[in-house]
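The whole structure should be built from the sequences, with the hints applied where relevant.
This is what each chain is made of:
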Amino acid sequence: MKVAVLKGGRSLERGVSLRSGARVEDALERLGHEVLPIDVGSDLVKRLVAERPDVAFVAMHGVGGEDGTVQELLEILGIPFTGPSAAACARCMDKVQGKDAIDEAGLPTPDWFAFNQTAFREFGAADALGRLEETLGFPLVVKPSRGGSSLGVKFARSPGEVPQALVSAFSYDDRILLERFVDGRELAVSVLGDKPLPVVEAILLEGDRYDFEARYEIGRTRFACPAELSAEEERAVTEAALDTYKALGCSGFARIDLILNDEGPWLLEANAIPGLTDTSLLPQAAEAAGLSFEQLVERILDLALHPAAA
Amino acid sequence: MAEVPEPTHRRRSHAGTRDLERYAGLFAERTTVMRSSAMRDLMAITARPEVISLAGGLPDTSTFPPQSFAAQMTRIAQESAAEALQYGPTEGFEETKDCSLEVMGAEGMLPDPDDIIVTTGGQQGIDLVTKTLVDPGDVVICEAPTYPGAVPVFCSYQADVVQVECDEDGMDIDVLEKLLGELRTEGRRPKFIYSVPSFQNPAGVTMSFERRQRLVELARANEILVVEDNPYGLLRYGGEPMPPLYQLDGGDFVIYIGTFSKILSPGIRLGWTVAPPPVLEKIGLGKQATDLCTSTLTQYFVREYFAERRWQRYIDDLIEIYRERRDIMIEALRNHFPAEATWTEPEGGLFIWATLPEYIDTSDLLAKALRADVAFVPGQAAYVDGRGRHSMRLNFSGVSAEEIREGVRRIGEVISEQVELYGTLTGEHRVPEPTQETEPNVVPFRKAEGV
Chain A
1 MKVAVLKGGR SLERGVSLRS GARVEDALER LGHEVLPIDV GSDLVKRLVA
51 ERPDVAFVAM HGVGGEDGTV QELLEILGIP FTGPSAAACA RCMDKVQGKD
101 AIDEAGLPTP DWFAFNQTAF REFGAADALG RLEETLGFPL VVKPSRGGSS
151 LGVKFARSPG EVPQALVSAF SYDDRILLER FVDGRELAVS VLGDKPLPVV
201 EAILLEGDRY DFEARYEIGR TRFACPAELS AEEERAVTEA ALDTYKALGC
251 SGFARIDLIL NDEGPWLLEA NAIPGLTDTS LLPQAAEAAG LSFEQLVERI
301 LDLALHPAAA
Chain B
1001 MAEVPEPTHR RRSHAGTRDL ERYAGLFAER TTVMRSSAMR DLMAITARPE
1051 VISLAGGLPD TSTFPPQSFA AQMTRIAQES AAEALQYGPT EGFEETKDCS
1101 LEVMGAEGML PDPDDIIVTT GGQQGIDLVT KTLVDPGDVV ICEAPTYPGA
1151 VPVFCSYQAD VVQVECDEDG MDIDVLEKLL GELRTEGRRP KFIYSVPSFQ
1201 NPAGVTMSFE RRQRLVELAR ANEILVVEDN PYGLLRYGGE PMPPLYQLDG
1251 GDFVIYIGTF SKILSPGIRL GWTVAPPPVL EKIGLGKQAT DLCTSTLTQY
1301 FVREYFAERR WQRYIDDLIE IYRERRDIMI EALRNHFPAE ATWTEPEGGL
1351 FIWATLPEYI DTSDLLAKAL RADVAFVPGQ AAYVDGRGRH SMRLNFSGVS
1401 AEEIREGVRR IGEVISEQVE LYGTLTGEHR VPEPTQETEP NVVPFRKAEG
1451 V
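Protein chains in written order, with our numbering: chain A, 1 to 310; chain B, 1001 to 1451.
In short, the hints are calculated from the structure, not lab data.
As the structure is a prediction and not an experimental result, all values here were calculated from the model.
Cβ atoms here follow ideal geometry from the backbone N, Cα and C, with glycine treated the same way.
Treat the hints loosely; a few may be bogus.
Here are the in silico distance ranges between beta carbons for each label pair [to be verified]:
#1 B:Asp1291 x A:Gly32: 35 to 43 Å
#2 B:Phe1027 x A:Glu294: 22 to 30 Å
#3 B:Pro1277 x A:Glu294: 56 to 64 Å
Listed below are several chain A residues computed to face chain B (Cβ distance under 7 Å; list not exhaustive) [what the hints assert, rightly or not]:
#4 Arg14
#5 Gly15
#6 Leu44
#7 Val45
#8 Phe120
#9 Arg121
#10 Ala126
#11 Gly130
#12 Gly152
#13 Ser168
#14 Tyr172
Now the structure itself:
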């Protein structure tokens, strides 16, 4: 089978995407497929039309490749592709849209407010900050609405830190959200087809848990897979993740990030195209489920070509 | 003859996570400090062709005449192919050392040729000196900010890196003196003080004469070595020449690191280190273990190049080009950076260090700048402790005048947007509003549950 591997592109996560793509190409070759690697640029449509691949493996992360843009083109060209549909990608990529969908499905997600830059620049939204800080409490989390790999996610411990956190988050997107900080265990559930894979937990290695920067620093966090959960916790977490997957309209695969505390799971967001590098969470979870990387890649292709097989 | 089996696959099979864990158990302790970072990933995008990158640190090798390069390489091929393709002495050829001596002589230094070892770039000098002097946990002192490429070297030998603030006159020696006192009371003796005293990378500042003298005196009094890294010394575009630390000290407590990278070519990977004989001997043993010898081929090239006696003229050409680019960058900064920003105006070297208001994190700003197809190095890269978040390093040597103007204009634009946004958020630059309190009824935010 001729498989186009779409990778790279212009997003901020280009580096990770190239690593994901290289690993997928390698697996595809060993599976005996004809591989067509494409570092996505302005000649994408031309190349796809000329090469007519049987299926496209989308190994792109971030804006452009994970937000439905590339998926939309593939839908127009009639080329089957891996991962969620264009519409589902758009919902996952945009945290505000995603949280709306999660909330509408009656699933628990931390309280939030969303703003675009215009609100601050033209409508004096800054005057409302005090009020919502009161509602959300401190620390609070400021996130760019679209963005991956935790880029631009900032924690504000006091009102004085909010403007600076907003300026940083607005560096990544014109829309941001302020979210209530929910303390608890950080879990990720990857879903393949409609089956949940073993849960992964991110465990902070050093420093106190309010050292927020450490969470996103490579090497300061360890991943446990499968996470140590009671049967009841595991059921609650996987159910919540599957419900989120469905609420967002995902298909193929996705990774759901959530927090677990005494009140139960709190859904944070879904990643339509989770990383596939050798340290990424989806391959780790697949391996814990007994799937080698090749088997994972083969299964993902299957789901793209025969969606009903899910 | 036995059949050699055809390789079955062009790429190795990638490791699974279990395999990674298996290898992780084999990794040396020192690799725990060798980390990749989100910022490094971000820097990967700066290589896109449409990006104007002020993030590099590249000399402009396009100015080197290709005919001259061809003639020298041809001569080597015709006259010395066998030798140039052979191993050479670990400490380097005498002729290469003579070239180093000429370069040092141009700045008033006259070391004993026996005190010199030829290295694979100045970077290997930093590595070998650290390898020779530093045990895990030993203190290494350097400038704040410091050369971003030195930090991973110190860290890989598990040094405890302590940074001393710089101002426009280089490393603050008062702070250094205080630090040395504190370390003494703790019973810790730093192994060396690393400094780029002239046209520092990344700050572009040059250490004053008075501070140079004090630094050398402090080193003598405390019997600590100073490692003087001087890649840019001859690239001076204004002001008075400053004596290198090595010259002031005479070479007792100063180890000198030189390189041909910025005055000829970084691609030839050729530098040298000058150290007191007992230290040099250990450095030599370390080098032998690392790579036996520096490339003989490029040593032949440098020898041929210096024999033409035009190297100083080439530096004069570079100075002309870089001076103009520096002036253009400074002018562009004045035109496009907001009033709250400050920057250094270097008398030489390749870099300008700009500092923004403290509410702007330059790592985040880089994401925004990349959307405008322009890149710089976020200041954090030059610190070990997360400082430098509001500064950036800008390179002017490897980019054309037009790119400098346009690049700085684009960065200025994204900064201005953030300055304006911050003003709006804090009410500092807000347009006057009616005095009576009004309900913010047009704010398009979502109500959280329970409000």
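Notebook entry, point to check: Does A:Leu44 pass the interface check with chain B, least Cβ-Cβ distance below 7 Å?
Noted result: Violated, because the Cβ-Cβ distance from A:Leu44 to chain B comes to roughly 15 Å (cut-off 7 Å).
Item checked: When the least beta-carbon distance from A:Gly152 to chain B is tested against 7 Å, hint result -> 6 Å, holds
Notebook entry, point to check: Does A:Val45 pass the interface hint, meaning its C-beta sits closer than 7 Å to a C-beta of chain B?
Noted result: Where the cut-off is 7 Å and the nearest Cβ of chain B is about 19 Å from A:Val45, the hint is violated.
Notebook entry, point to check: If you take the shortest Cβ to Cβ gap from A:Arg121 to chain B, is it below 7 Å?
Noted result: 6 Å, holds
Notebook entry, point to check: Is the interface hint for A:Ser168 satisfied, with its Cβ closer than 7 Å to some Cβ of chain B?
Noted result: 4 Å, holds
Margin query: Does A:Gly15 hold up as a contact with chain B if the rule is Cβ-Cβ below 7 Å?
Written below: 4 Å, holds
Note to self: Does the closest beta carbon of chain B sit nearer than 7 Å to the beta carbon of A:Arg14?
What the structure shows: 5 Å, holds
Notebook entry, point to check: Is 56 to 64 Å a correct range for the gap between the Cβ atoms of B:Pro1277 and A:Glu294?
Noted result: 58 Å, holds
Note to self: Given the hint of 22 to 30 Å, is the C-beta distance from B:Phe1027 to A:Glu294 inside that range or not?
What the structure shows: 26 Å, holds
Check: Okay, B:Asp1291 versus A:Gly32 on CB: inside 35 to 43 Å?
Finding: 42 Å, holds
Notebook entry, point to check: At a threshold of 7 Å, is the proposed contact between A:Ala126 and chain B supported by beta-carbon distances?
Noted result: It holds, given that the least Cβ distance between A:Ala126 and chain B is near 5 Å, below 7 Å.
Notebook entry, point to check: If you take the shortest Cβ to Cβ gap from A:Gly130 to chain B, is it below 7 Å?
Noted result: Hint violated; A:Gly130 Cβ to chain B Cβ min 10 Å, cut 7 Å.
The structure fails to meet hints 6, 7 and 11 from the earlier list, while all remaining hints are met.
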